[in-house]
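S.K.: Chain residues, written in single-letter form:
4 protein chains.
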Amino acid sequence: MPGRPHLFVPGPTNVPDRVLRAMHRAQEDHRSSAFPELTQGLLRDLQPVFGSTRGRPFIFASTGTGMWEAALTNTLAPGDRVLAVRFGQFSHLFIDTAERLGFKVDVIDLEWGEAVDPARIAEALAADGAHAIKAVLLVHNETATGVTNDVADVREAIDSVGHPALLLVDGVSSIGSLAFRFDDWGVDVAICGSQKGFMMPAGLGMLCVSPKAMALVEHGRFPRAYFDLRPQVVHNDQGYFPYTPPLAHLFGLREALDMVAEQGMPAIVARHARLAEGVRRAVAAWELKLCARDPESRSNTVTAIVVPEGKDARQVIDHAYRRWDMALGSGLGRLNGKVFRIGHLGDLNAGMLLGALALTELALHDAGIAVPYGAGVAAAQRWYHESA
Amino acid sequence: MPGRPHLFVPGPTNVPDRVLRAMHRAQEDHRSSAFPELTQGLLRDLQPVFGSTRGRPFIFASTGTGMWEAALTNTLAPGDRVLAVRFGQFSHLFIDTAERLGFKVDVIDLEWGEAVDPARIAEALAADGAHAIKAVLLVHNETATGVTNDVADVREAIDSVGHPALLLVDGVSSIGSLAFRFDDWGVDVAICGSQKGFMMPAGLGMLCVSPKAMALVEHGRFPRAYFDLRPQVVHNDQGYFPYTPPLAHLFGLREALDMVAEQGMPAIVARHARLAEGVRRAVAAWELKLCARDPESRSNTVTAIVVPEGKDARQVIDHAYRRWDMALGSGLGRLNGKVFRIGHLGDLNAGMLLGALALTELALHDAGIAVPYGAGVAAAQRWYHESA
Amino acid sequence: MPGRPHLFVPGPTNVPDRVLRAMHRAQEDHRSSAFPELTQGLLRDLQPVFGSTRGRPFIFASTGTGMWEAALTNTLAPGDRVLAVRFGQFSHLFIDTAERLGFKVDVIDLEWGEAVDPARIAEALAADGAHAIKAVLLVHNETATGVTNDVADVREAIDSVGHPALLLVDGVSSIGSLAFRFDDWGVDVAICGSQKGFMMPAGLGMLCVSPKAMALVEHGRFPRAYFDLRPQVVHNDQGYFPYTPPLAHLFGLREALDMVAEQGMPAIVARHARLAEGVRRAVAAWELKLCARDPESRSNTVTAIVVPEGKDARQVIDHAYRRWDMALGSGLGRLNGKVFRIGHLGDLNAGMLLGALALTELALHDAGIAVPYGAGVAAAQRWYHESA
Amino acid sequence: MPGRPHLFVPGPTNVPDRVLRAMHRAQEDHRSSAFPELTQGLLRDLQPVFGSTRGRPFIFASTGTGMWEAALTNTLAPGDRVLAVRFGQFSHLFIDTAERLGFKVDVIDLEWGEAVDPARIAEALAADGAHAIKAVLLVHNETATGVTNDVADVREAIDSVGHPALLLVDGVSSIGSLAFRFDDWGVDVAICGSQKGFMMPAGLGMLCVSPKAMALVEHGRFPRAYFDLRPQVVHNDQGYFPYTPPLAHLFGLREALDMVAEQGMPAIVARHARLAEGVRRAVAAWELKLCARDPESRSNTVTAIVVPEGKDARQVIDHAYRRWDMALGSGLGRLNGKVFRIGHLGDLNAGMLLGALALTELALHDAGIAVPYGAGVAAAQRWYHESA
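Protein chains in written order, with the numbering used here: chain A, 3 to 390; chain B, 3 to 390; chain C, 3 to 390; chain D, 3 to 390.
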């Protein structure tokens, strides 16, 4: 189809031309004497995106999915017990990964659309007097439902009952877009990927690991190889990687981190909040419901929108794709057919989003959900004006 | 600014990624035995874009501006008299070019916003019993006012009085976007550039020359060198150029012509008409006036919009650029401050244009022209739905 | 430094412009209805590169290193015993990976530079009457020493003693460059990465799995998640991936596989053989020794060259890099300082390699190894002429 | 053919990846308030490449060929008389351009391969007591023969006879590669293009104009439009161009000028001298003759090599192209079949050139000129070592 396709899934996000250009580059010897400058610069500049000065970043040729495994296998022993909250497809898959790796997962199940109640975590940990639970697995921003949790409150809940469990946080759809304070929140391992806030193609998994968790890595007993942090430490300390790194992605990450530094994380966070509010006002103007129940927990990176009873969200997505060249996110798992999702993270501005809202209105019509033309757009416009 | 800038000037237009990729390529020997395949393919595939099977295309490292000179100097003798209509900045500059080259130009001046009345051309030519007028200079689509002329009618007017004048047509903002029938309309030289309907960066000027005009080229007495078609003929016939051609642009043109062939000129013309109608409906919803007076002559590649008395169109453009990262076209020459222009040609779709209309509404507000939020967007949406 | 750097490490290799261009592309929704065409085309076209019609290919965001883990954990049970031959750094690391994952490895240690003697494998397996050994781990082409093994002979050795062990083959520096006959050789899992014969940046790991091995995958008891083939099977069957795939690399792989198909694997194999022979003749002209002892096993993708006693290969590499902008491969592990390596795989031609040989002569001089200027180049030239 | 083609024509030259990347960028509004920063930076940074602080640079969408016309038509009146030396194909074409534009050219004809003798220019000018000769046309570096003239000597010759003729210099294959001192040498107009020392694709013509020549521009009587400097002056002064500029090339030029500034013109000039000397030593080792007679005038950007009597240089070029994927320059005009040319200008290093020399040896063999294998390479290597 002519013209630029409209990519509004919550990842992969739109890769800025600058990043694509940076990746379009001849390969180099990853063992050269010049290479450490690249490696060390990347690891250094990742820290502020995680909101950390004490945590240690790692970079893998992987995806966010692989980082779940890395977080778990580097800090836990075979068969360890962990606590996790399930409130959407990605928290479900994080749990599934842990179980497939043989960990025992105590699951707190919520309605999909709810945020985590820290009191329930405190309660579960309080009941674990023997400290059998070694880690709490938390998805910061549930991409499937558009719900953001308050990590600081979870940390407080853990601390409030004096439980030593590690806090392992999936920040795949938050880090680089939402405020993330690794140190302040006492996160032990934070996980992310390249294809969302980092504005890159998928292909990199990244971790930040606290000193407390690093101490466990060295003596970890879980059999592991590819995701083992130990050889990474040895090689990263010299500015290298233990195997041929994904160089094109490293070049892209260099550029992406430069862009982050130029804009500054506070401005990036504010931009995501402002753009997201426009989407929420559009949804309100459409008189549709958000999947995220609690206004406080509505995500600034993705909005999941519930279609009216009797309508099929897949129709919205399908018409958007085939008639209007726009990719919307589908309802995942049990939300399939019930919600569609607009991703509004990464390299985005008001004009792109207004175009997407206009197309969404057309696709809603196509799917038999006749919102007034321009209503959502107007609500978003008004907000963008007010907040400019 | 984050996100993709919104480019809605009527040229340069948005270059598709495919074309940029095609231009991103190592240079080659332009005298190699493999080179003619490129040259000859380009010249062959240019013909249908001009709507010609008999005309001969030429490609120059130049811009459309240079093609005015090429058209005039290859077909006319020094000091020749020509007839031209002035109804906007580009028809003005075409005349200016002719005068700077020493031709005598009989000018029919119209209000800027009007289309050419073929009767006036017929009248002027009828008065030239001696056939002193050697050519009629016509801008097909006046980019400054958003007015498209009916070239067939002009040809008919010339023929109706039995005048042998050549018909030299500037199709810079029409060819590749609007229907153009070089052969059927009896055009003698058609002129265009790469940065509009051809979806490329500026840097190529292209011509199509009728057999009648080609016959004049050989014996042309105007002193000329760079734009002389004679060495082009000699070298093009062998598949080469008389000097180092702009290879990156030739690679880009190859890809652009492939895209044109894939979509088909009729579909491209229909798409431009449909997208343009959405813009016009938005303008009507804003209760603003078009610069183009006659509904029949409203351009499908660019719309010039008149701001209300007492308002300054430059403010609209300035706010669009600085607050919303959108480039709109300015009012040129005597229209400066009175109109702003939306370019809607090249590689474009409904979503891109709806985003642009939404931003235009914001910029209108910023400039003190408070159209209802979403009103223009809604009008365009309705049309895109109806016409899908 | 001005001009194009000379990349002659045995991976990453020179990425053709076509592939870089193909990767320079907007992201897409990996769950769209159009996506399966990409996935299925890649998996289909990977088969002939592996030399297979029966094996099942898989693609991971990973590197070759990760594929060792995938091969082992998908086909073996925790603590299983395997047999492996160590004859260079990469066979060493394959073994190390297996051990870190808790497998028991019976190691046959060879001099580094020797090829595997199938008789020793047969002998070891014959001694395993209980069939405790579940797999034989074999590096097809040892990148550290420039030695290629005969996989067919190893398969024959296994069969000769009627042992049911799987044959897991690391083809990282062979597949896509050397003849590889997955089916004919009875390979059970073949492993490769994107950054060598596949002419891409690192970042993809690829596997081919035999029906016999696939049968084990389903009931595999090793705890695994990221590299688990089971969800890959489920999603690949529909044309998707179980998580966001590394799209830029998939686009690149599409182009690389098209290039492979255009040239044809037999021609690619023949080109590698021809180019490699030129390098070996140059080494002979320099009167230096190859690390690879047996002429039959000398690799057509990488040549490891032993520096004279008392000289330091690191000096050669260092001068090549700093003075001549050429990256040569270093001696790995116990060969550090004793050998340097020239990678001659991937998208390469005689002119590139002759330039590299000329620069190598300069770097040898710089390191105090005064070969006659042009001697190696002349030997290679003569061969390229003869064999043209 | 696999691997990177070897481009050794004296233009277009190898475009560095950095420049290609810079050109791979979205278009912008060339009338925006941000645009002057680009324009003014380019014009400012062009000056030092011309070796000027007083001259005024101009940039056109054109090629070097167009700049001949621009130089002549902006400074001369119709029918003016000029003096020119013909000593190769490009000096011939410069003269031809002048004649086609109606100027009267007094031609000093030399053997092709000779450099200009300033005494003959002085003599011709001395004979013109009436100062009818308005300009001297000089090709600084004759790309067809590999001969570089001494511009300072020519200026001295003009001054020695007190003649006021302008000095118009074609620096197409010298500027950006060889030392050029516009101010010191009293050049009035210097001409160049983007596709040689500027390391870009063809498509830009550039001029530098002295204050003396600028004074003539304003009152110039030659009918001109596209190449008229007057509107350029008006618009450039504001940071704009009188028509849509070739934006991709301007982005590329920005990057190229940054690279020039990083390396510094003295280092660039020295590199060209060093690389060229290696080629000349190779030719000597081959016992072939240079087209350039005088050692003092041998070009550091291109070497034209005479094949032995009875051999056909076209065979060398043809075999190089078809068998070895290397483009060599052909003999132009009367040198066709007698010489072949190696371009060694732009973004080049020793390794690239050694590869090219090795391939040239192969192609010479193919054409029946059996130079000893490696002989030229060895001679060049020795020199590159000595001069490192």
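Worth flagging that the hints you see were computed from the coordinates, not collected in a lab. Warning: the hint list may mix true and false statements.
Note that identical chains are pooled: a pair holds if it fits in a single copy or bridges any two copies.
Straight-line distance between alpha carbons at most 20 angstroms, and here's what the computed SDA-like set of lysine to any residue pairs gives [unchecked claim]:
hint: 1; residue 1: K340; residue 2: S35
hint: 2; residue 1: K340; residue 2: S34
hint: 3; residue 1: K106; residue 2: P225
hint: 4; residue 1: K313; residue 2: D155
hint: 5; residue 1: K313; residue 2: A390
hint: 6; residue 1: K340; residue 2: R33
hint: 7; residue 1: K106; residue 2: R223
hint: 8; residue 1: K340; residue 2: L290
hint: 9; residue 1: K340; residue 2: E264
hint: 10; residue 1: K214; residue 2: T55
hint: 11; residue 1: K214; residue 2: S35
hint: 12; residue 1: K340; residue 2: E257
hint: 13; residue 1: K214; residue 2: A286
S.K.: Identify every previously stated hint that the structure contradicts and give their numbers, smallest first.
M.R.: Hints 4, 5, 9, 11, 12 and 13 not satisfied by this model.
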